[in-house]
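Since the structure of chain A is provided, determine the placement of chain Y on it from the hints.
The residues making up each chain are set out below.
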Amino acid sequence: KQEVTQIPAALSVPEGENLVLNCSFTDSAIYNLQWFRQDPGKGLTSLLLIQSSQREQTSGRLNASLDKSSGRSTLYIAASQPGDSATYLCAVESGGSNYKLTFGKGTLLTVNP
Amino acid sequence: ETGVTQTPRHLVMGMTNKKSLKCEQHLGHNAMYWYKQSAKKPLELMFVYSLEERVENNSVPSRFSPECPNSSHLFLHLHTLQPEDSALYLCASSQVSMDRVARETQYFGPGTRLLVL
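Chains as they are written, first to last, in the numbering used here: chain A, 1 to 113; chain Y, 1 to 117.
Next comes chain A alone, as it looks inside the complex (with noise of 0.2 Å):
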């Protein structure tokens, strides 16, 4: 069974730091890995989809990075501001079962001004 975690659980940082957010998976039979941002009682939106060919996706300050092998997945934040402030969760999809995203619990990210 895949199981999806993600460290820390919460992050608070001063408007300008570049950071880092973790996520690690148990298998590494992944179809891709996504991170998606939620801000405070709202739905998901989509940031950056890896595919499992694939060892990096950039957006903007955004750069995500994939180790298959390893179970691992960083999002790299640049520059950080007071609008990134939302929670951030990684998802996989596992091969195996049709379309199913399993996700992490999260990481809850503030930048203070």
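Everything labelled a hint here was simulated from the structure, so no lab data went into it.
What you are looking at is a predicted structure, and each value in this text was computed from that prediction instead of being measured.
One thing to keep in mind: the hints can contain errors.
Cut-off 27 Å, straight-line C-alpha distance, at most; resulting in silico cross-link-like pairs (DSS-like, lysine-lysine) [said to hold, decoys possible]:
| hint | chain 1 | residue 1 | chain 2 | residue 2 |
| --- | --- | --- | --- | --- |
| 1 | Y | Lys41 | A | Lys105 |
| 2 | A | Lys68 | A | Lys1 |
| 3 | A | Lys42 | Y | Lys18 |
Quick look at chain Y alone, frame taken from chain A:
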């Protein structure tokens, strides 16, 4: 309307009530999903419909009954719920490929915040 919409946004119901949650996607996708998000727990997949057929049911209690009349609409019918069913219920949609070579992300609605008294 664009993206994925859900109604109602908030719902309070008693344990003996019957209610339905509605989801509509305007993205032309061929798969739709129901998720449950409880406090302190990871998002849990409840149901998946691909091409209007249910492809996965993760042993969800029978008091939750999904319905997918077409590729754009998804319902979750609720009856005799328990207080522990209080949660944020999220709907999502995606385009799934038969060869699974490239997969796109799932697009989520804003959710329905459900409180069962």
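Status of the hints after comparison with the structure:
1. Y/Lys41 / A/Lys105: holds (6 Å)
2. A/Lys68 / A/Lys1: Holds - the C-alpha atoms of A/Lys1 and A/Lys68 are around 16 Å apart, at most 27 Å.
3. A/Lys42 / Y/Lys18: holds (24 Å)
Of the hints listed earlier, there is not a single one the structure fails to meet.
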